[in-house]
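Student: Here is what each chain is made of, one letter per residue.
Protein chains: 2
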Amino acid sequence: MKKILFNEGDIMNIIEAYNDAQYKVAGHGSTTTNLLVEAMMEKGMNLEKDVYGTGPIINDFEAKIAQVLGKEAAVFYPSGTMAQQIALRIWCDEKQIKRVAYHPLCHLEIHEQDGLKELHGIETILLGATYRLFTLEDLQTVTKPLSAVLIELPQREIGGQLPTFGQLIELSNYCREQKIALHLDGARLFETLPYYEKEASELCDLFDSVYISFYKGFGAVSGAILAGSKAFCETSKVWKRRYGGDLYSLYPYIIPADYCYEMRKDKMADYYKAAVTLAKRLNECPHVLTIPEVPVTNMFHLHFDIPKEVMEMILASMYVQSGVALRPSLKGTPIGCYLEISVGDALLEIQDEVIGNGIEVLKKLLSNI
Amino acid sequence: MKKILFNEGDIMNIIEAYNDAQYKVAGHGSTTTNLLVEAMMEKGMNLEKDVYGTGPIINDFEAKIAQVLGKEAAVFYPSGTMAQQIALRIWCDEKQIKRVAYHPLCHLEIHEQDGLKELHGIETILLGATYRLFTLEDLQTVTKPLSAVLIELPQREIGGQLPTFGQLIELSNYCREQKIALHLDGARLFETLPYYEKEASELCDLFDSVYISFYKGFGAVSGAILAGSKAFCETSKVWKRRYGGDLYSLYPYIIPADYCYEMRKDKMADYYKAAVTLAKRLNECPHVLTIPEVPVTNMFHLHFDIPKEVMEMILASMYVQSGVALRPSLKGTPIGCYLEISVGDALLEIQDEVIGNGIEVLKKLLSNI
Numbered sequence: 000m001k002k003i004l005f006n007e008g009d010i011m012n013i014i015e016a017y018n019d020a021q022y023k024v025a026g027h028g029s030t031t032t033n034l035l036v037e038a039m040m041e042k043g044m045n046l047e048k049d050v051y052g053t054g055p056i057i058n059d060f061e062a063k064i065a066q067v068l069g070k071e072a073a074v075f076y077p078s079g080t081m082a083q084q085i086a087l088r089i090w091c092d093e094k095q096i097k098r099v100a101y102h103p104l105c106h107l108e109i110h111e112q113d114g115l116k117e118l119h120g121i122e123t124i125l126l127g128a129t130y131r132l133f134t135l136e137d138l139q140t141v142t143k144p145l146s147a148v149l150i151e152l153p154q155r156e157i158g159g160q161l162p163t164f165g166q167l168i169e170l171s172n173y174c175r176e177q178k179i180a181l182h183l184d185g186a187r188l189f190e191t192l193p194y195y196e197k198e199a200s201e202l203c204d205l206f207d208s209v210y211i212s213f214y215k216g217f218g219a220v221s222g223a224i225l226a227g228s229k230a231f232c233e234t235s236k237v238w239k240r241r242y243g244g245d246l247y248s249l250y251p252y253i254i255p256a257d258y259c260y261e262m263r264k265d266k267m268a269d270y271y272k273a274a275v276t277l278a279k280r281l282n283e284c285p286h287v288l289t290i291p292e293v294p295v296t297n298m299f300h301l302h303f304d305i306p307k308e309v310m311e312m313i314l315a316s317m318y319v320q321s322g323v324a325l326r327p328s329l330k331g332t333p334i335g336c337y338l339e340i341s342v343g344d345a346l347l348e349i350q351d352e353v354i355g356n357g358i359e360v361l362k363k364l365l366s367n368i
Numbered sequence: 000m001k002k003i004l005f006n007e008g009d010i011m012n013i014i015e016a017y018n019d020a021q022y023k024v025a026g027h028g029s030t031t032t033n034l035l036v037e038a039m040m041e042k043g044m045n046l047e048k049d050v051y052g053t054g055p056i057i058n059d060f061e062a063k064i065a066q067v068l069g070k071e072a073a074v075f076y077p078s079g080t081m082a083q084q085i086a087l088r089i090w091c092d093e094k095q096i097k098r099v100a101y102h103p104l105c106h107l108e109i110h111e112q113d114g115l116k117e118l119h120g121i122e123t124i125l126l127g128a129t130y131r132l133f134t135l136e137d138l139q140t141v142t143k144p145l146s147a148v149l150i151e152l153p154q155r156e157i158g159g160q161l162p163t164f165g166q167l168i169e170l171s172n173y174c175r176e177q178k179i180a181l182h183l184d185g186a187r188l189f190e191t192l193p194y195y196e197k198e199a200s201e202l203c204d205l206f207d208s209v210y211i212s213f214y215k216g217f218g219a220v221s222g223a224i225l226a227g228s229k230a231f232c233e234t235s236k237v238w239k240r241r242y243g244g245d246l247y248s249l250y251p252y253i254i255p256a257d258y259c260y261e262m263r264k265d266k267m268a269d270y271y272k273a274a275v276t277l278a279k280r281l282n283e284c285p286h287v288l289t290i291p292e293v294p295v296t297n298m299f300h301l302h303f304d305i306p307k308e309v310m311e312m313i314l315a316s317m318y319v320q321s322g323v324a325l326r327p328s329l330k331g332t333p334i335g336c337y338l339e340i341s342v343g344d345a346l347l348e349i350q351d352e353v354i355g356n357g358i359e360v361l362k363k364l365l366s367n368i
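Going down the list, the protein sequences come from chains Z and L. Just so you know, numbering that gives the first Met the number 0 puts 345 at position 346 of the first sequence, and the rest follows in order with no gaps. Just so you know, numbering that gives the first Met the number 0 puts 218 at position 219 of the second sequence, and the rest follows in order with no gaps.
No wet-lab data here; the hints were simulated from the structure. None of the values given here were measured: they were computed from a predicted structure. Mixed in with the good hints, there may be bad ones.
The list treats identical chains as one, so a pair stands whether inside a single copy or across any two.
Capping the alpha-carbon separation at 30 Å, the derived lysine-lysine pairs in DSSO-like fashion look like this [stated by the list, open to error]: (1) K94 to K272; (2) K236 to K330; (3) K229 to K197; (4) K197 to K266; (5) K178 to K97; (6) K97 to K272; (7) K42 to K143; (8) K279 to K307.
Generate the whole structure from the sequences, applying the supplied hints.
Tutor: Now the structure itself:
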């Protein structure tokens with residue numbers, strides 16, 4: 000295979016090829032500590048630091064985001080993992096039922112070392128199937144009592160798919176009828192707004208509690224907001240302290256979060272459009288399918304029906320020949336492999352012809368398979 | 000009382016008087032976000048950011064501190080609350096006993112909203128009495144099996160008292176005999192070294208796991224290290240992820256932690272000496288007793304046998320008249336009130352006569368009582 004596709008000199012490690020490439024397509028292009036320096040110089044000089052959740056830096060930002068989300072209150076957290084476990088625990092305590100439901104590829108189920116179960120003993124019901132969004136029908140098949148349902152918008156692990164707004168309303172109405180709390184995993188909530196053509200608050204209205212992240216589409220350093228009623232947020236602060244998340248000072252995350260929020264909140268439509276265009280071009284290559292085929296946010300998964308090891312060589316070759324690089328690694332699937340693309344400032348700053356050339360190179364390499 | 004002590008114009012809010020005072024005695028004098036800017040400019044420009052616990056910024060710092068503490072490995076945490084709960088949980092799992100013992104005023108018992116109990120269901124045994132250090136005899140009276148004992152050096156809530164090194168060895172030997180893990184709450188470990196005349200590693204040798212903080216004597220922004228064996232640290236990383244403490248990037252805390260560690264690690268003896276001198280001078284005032292009477296670290300508690308409300312007026316008056324301010328608030332006790340002094344750069348930078356004058360003013364005010 001190697002001999003057919005590559006000259007000896009071409010064979011390269013995909014990570015090295017990625018690192019050497021001039022045009023990295025995914026994300027915002029910043030991987031250094033300079034982001035924090037920039038944010039501090041711009042918005043963080045000479046301010047009184049926040050202390051244990053008090054002070055204008057944290058309280059003003061919480062109030063600002065609460066208003067944007069249309070919620071009574073909001074609490075800044077070092078991480079979404081902490082925020083979401085706490086949200087679900089609060090709903091379980093309130094309903095006196097230690098059981099919640101969410102998608103099989105929910106962050107809490109696959110990326111948190113089972114914190115929800117290990118720290119809270121909360122049982123989880125997986126709704127629907129791994130490869131698709133769950134539906135109202137999936138939820139209606141659950142016979143055990145639930146305290147909360149978590150919906151992730153977009154569903155990251157299946158390429159960032161979204162239900163329609165109508166489907167969300169149906170799910171929300173059902174949960175309200177059944178007295179099940181509805182929690183939004185909105186790690187990438189703002190990235191969905193151009194597709195829904197809604198304000199954040201219109202989406203959040205359908206949910207009892209909302210988490211958003213600042214280091215996905217916003218590209219900040221770390222940090223999250225958990226929003227809901229005043230009572231919910233006050234209870235969440237007790238848990239935040241229990242978790243060790245009520246840090247002496249959180250300003251090193253809040254200031255870049257605010258800085259990046261302001262910088263990028265109005266660029267989500269541009270990222271989305273660029274993702275649609277990029278996916279369309281990539282889908283013209285053989286052996287390629289993007290999921291979703293037409294992206295509904297700034298992200299999609301790029302699937303290849305080619306073994307991972309082979310595809311790594313092909314991509315390394317593409318990166319070297321064109322200077323255009325997608326990602327430094329691939330994940331295996333039963334029929335091949337895939338990578339995730341999140342569109343941010345990086346792609347917007349690359350000339351169209353450069354991207355076109357990169358994809359042409361990829362198309363040629365794949366045509367030889 | 001007011002009429003006897005003060006002219007009408009003198010009566011002032013202690014917080015305002017503190018804020019207005021030119022010479023603030025406690026801490027390092029920095030309360031703004033500029034510390035982070037300074038640390039980033041000095042040590043944090045143009046570095047590849049850490050990602051989920053990997054990368055040189057985090058791994059090099061962990062290795063450096065592990066070596067200083069004489070432990071195989073170390074893990075950086077956003078907070079000590081998280082680090083210590085996790086340490087005790089690991090020992091409970093290893094020994095298969097959900098019970099630990101510590102001082103009645105242990106941080107986990109009084110400052111963490113019962114996280115250890117709520118998140119882990121760990122039972123706690125309180126050793127000795129609130130007003131003194133616990134001893135080997137106190138520990139020997141415990142009849143129930145224990146997985147771990149936590150010793151806090153210095154015991155902050157009683158003014159920063161310390162057992163002798165010999166007493167520590169006895170406690171350590173007993174725990175080893177009994178197969179009880181010994182954990183060090185070393186939030187202020189480096190502050191104890193001048194008194195013990197030991198290296199950090201000599202103290203840590205007596206313990207199975209060690210936590211240190213970077214925003215106490217070191218004066219960084221936030222953050223902690225948990226150190227121990229390689230296996231212990233690897234397990235702790237699983238829990239760190241469960242807690243949501245495995246942040247996307249921790250460099251905003253690590254860079255200032257390293258910066259402040261280097262800046263202040265060799266100044267602990269100066270802080271200690273200055274605390275001893277300051278306590279001696281304060282003890283010459285009537286109605287005053289410091290605990291410990293002779294400090295053994297950079298900290299002590301300043302007790303007054305005068306009601307809190309009256310003492311607030313007296314201190315406000317001292318701050319206004321002398322420009323020297325101790326703390327902005329007092330805590331009530333059954334016989335009066337107290338405040339905590341932690342000596343850092345601030346005191347070292349104030350001229351001796353200025354402090355002397357402040358204490359003279361206080362002495363005069365207290366002599367009128």
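Student: Each hint should be assessed against the structure and marked as holding or not.
Tutor: Hint by hint, here is what the structure shows:
In this assembly of identical chains, K94 and K272 lie within 30 Å of each other by CA distance neither inside one copy nor across copies; the values are 42 Å within and 56 Å between. Taking CA atoms no more than 30 Å apart as the test, K236 paired with K330 passes between copies only; the shortest distance there is 24 Å, against 37 Å inside one copy. Taking the shortest Cα distances, K229 and K197 sit within 30 Å of each other inside one copy (24 Å), while across copies they are farther apart (50 Å). For a Cα distance limit of 30 Å, the shortest separation of K197 from K266 inside one copy, 15 Å, qualifies, whereas the shortest one across copies, 57 Å, does not.
Taking the shortest Cα distances, K178 and K97 sit within 30 Å of each other inside one copy (14 Å), while across copies they are farther apart (36 Å). Taking the closest pair of Cα atoms, K97 and K272 never come within 30 Å of each other, the shortest separation being 41 Å inside a single copy and 54 Å across copies. Taking identical chains as interchangeable, the C-alpha atoms of K42 and K143 are never at most 30 Å apart, the minima being 49 Å within one chain and 55 Å between chains. In this assembly of identical chains, K279 and K307 lie within 30 Å of each other by CA distance solely inside one copy; the values are 22 Å within and 72 Å between copies.
When the structure is compared with the earlier hints, violations turn up for hints 1, 6 and 7 and for no others.
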